Amino acid sequence: MPKSNGNLLSVKDLCVYFKTEDNVVKAVDGVSFEVKRGQTLGIVGESGSGKTVANLSIMRLISEPPGQIAGGAIEFNGRDILKMSPRELRDLRGCHIAMIFQDPMTSLNPFMRVSKQLMEVTQLHLGHTKEEARRHAVEMLEHVRIPDAPERIDSYPHEFSGGMRQRVMIAMALSCKPQLLIADEPTTALDVTIQAQILNLIQKLKTETGTSVILITHDLGVIAGMTDYVTVMYAGKVFEQAPTPELFERPGNPYTKALLQSVPDPTSEQGKLFQIPGQPPDLANLPSGCPFAPRCRRVEEVCRREFPPFVRLTSNHFSLCHFADEVYAESAT
Amino acid sequence: MKMESNTQPLISIKDLTVHFPVRKSLFGKRQTVKAVDGVSLDILAGETLGLVGESGCGKTTLGRAILRLVDPTAGQVIFSGQDLASLSSSAMRAQRQHLQIIFQDPYASLNPRMTVSQIISEPLATFGLARGEERTRRVQELMQQVGLSPRFLKRYPHEFSGGQRQRIGIARALSVDPSFIVADEPISALDVSIQSQIMNLLDRLRREKNLTYLFISHDLRAVQHVSDRVAVMYLGKIVELAPAKAIYARPLMPYTKALISAVPVPDPKVEAARTRIMLEGEVPSPINPPSGCRFRTRCPYAIDACASVEPALVQILPNHFAACIRISSKQPDIERVAPGAAPGLNHQAAHLHA
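Top to bottom, those sequences are chains A and B.
Note that our numbering has the first sequence beginning at 2, numbered continuously upward.
Note that our numbering has the second sequence beginning at 1241, numbered continuously upward.
In short, the hints are calculated from the structure, not lab data.
A portion of the hints provided could be inaccurate.
As the list claims (entries may be wrong) - Simulated restraints on C-beta separations:
#1 B/1351 <-> A/131: 48 to 56 Å
#2 B/1389 <-> A/308: 25 to 33 Å
#3 B/1557 <-> A/14: 55 to 63 Å
The structure presented is a predicted model; accordingly, all values stated were derived computationally and were not measured.
Virtual Cβ for every residue (Gly too), placed ideally from N, Cα, C.
Please put together the full structure from these sequences, using the hints given.
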């Protein structure tokens, strides 16, 4: 495959629309982001922000209809995923990009032994024989630290706990050594101590194999600990993009700022928690102008009238806001 | 926002136990899940007591057993001079006016065929508190108090977002003017921006209406923020109890330490610098909990004695209780205890004699 400039994946101006009976919902509307080799990109956003839809599009897993990738390009290793044939796509999904989901129970086949589910992957994509595939499957389970892997491998998914199932999912996702792992809220359904184990595991596997990761989460704490670069999404748009330390230290967007302030910080003394007023946006009825304007405390008249520009604050820090420069400057103090 | 004064307990829980019978197969052996196993706890009037723990630790069962939504196997729940655990069901029904609950899932806890007005006024009708015009007026007032427009009176739950539904659930709980509310994971199903709204709302209502909360959550950050005191639960037992600030700043029991160290902090510098206490494995089954200290199978500080002595919840620092034989009021810091030493064992002996 031809290589491109350090970027493993680049999503450009992606638009994904869903047709409803009387409306078009623009779930993802002109979203661009990049994943560099060996890096972890975090995508934060609340429900309905489009973070999951954008990533399902990378895998071409949007069902059409009602969905439709209405525009843009998704380049992986320099090739446009949107122009791939079904055969190429199958190859891509099995070998090069893998995905793990929030709820491992719904993504594992409950009627199939774990061994079979794991072996299928390498038999199909790496041409393993049955014996090779089984050996490989046991290795993978040991790799994700499932105790007694040679015995446990013939269990059914329901015989594992939530954390163990997520490990099985990760083992399956990494079976063919993908170049990109998309983890969509991988720890949201898990307890904190198990979350710490799983995040630790993802981090370790990443350093060992050099896999790039897209980590989708609503938890800013997870973002802070796991990612190199962050994309903040709201209402199907990218609101801010920055290297992780910079985003936390000097947010350039009122939404990011508000989001950071509304998380209780156990290390500091807080009285009333900062709250973002109002409800997350209804994508079928977006206001004109900035979609965050109705909830923004920095709102001015222009925000309700005109869609904000995507302002470049530094070479790798961008913010979608009429007052991005001011917000960025305020954050410095 | 947090109250300091020492007040009377509103609810005194004594040795509360809830066991569920289970059978693995049709002819299998009868076993019991020890969901709550001898919990004693005072909930002080006007405070928010946070209850944290991982799934399956028994926190929800404890909350429900206090309200008799599940029947306790043993123990007492003293509320205004009566033992709720032994009340007849009709006497208990009368008490329910004072004891309410807010549920986790605002999608499942509201009847989809009832309007908001019907949902909020149902408890008023049940307890015969208001009728006709007065009832409508009361419902409108409640909606306003929880931040919902009374215009929505005739709407159905599906027309609302998750956060708004949670507000409806709160209004319903408040309608009968309770003194105590169990909030069972009230924010877990909500978006981050909505979580802070609901936390602030609950806090405001507590002050305005002089409420007492048991705030159950697995989210340590949230619990620490809203609570005056925090109780940590592990496999059916309370293992640590302390003022919210203290439990975060200086957790004593190794499980609490691990739990707090596992919480991701939204600050990349803190995240990069900290060392996590990684707990190996998962919570053991509550059918066959480990002997002695239930946490010992995952505890990095466990010694042989931990398997034989069941640690009691004792005061280690002022108002700070922990259940661990390896620490004592003389040496509360487990990292500094000599290898193999169990200074808390004397505590335990004293406790047994008492």
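Quick rundown of the hints versus the structure:
For the pair residue 1351 of chain B and residue 131 of chain A, the beta carbons lie near 53 Å from each other, so the given range of 48 to 56 Å is met. For the pair residue 1389 of chain B and residue 308 of chain A, the beta carbons lie near 29 Å from each other, so the given range of 25 to 33 Å is met. A hinted range of 55 to 63 Å for the beta carbons of residue 1557 of chain B and residue 14 of chain A is consistent with their spacing of about 58 Å.
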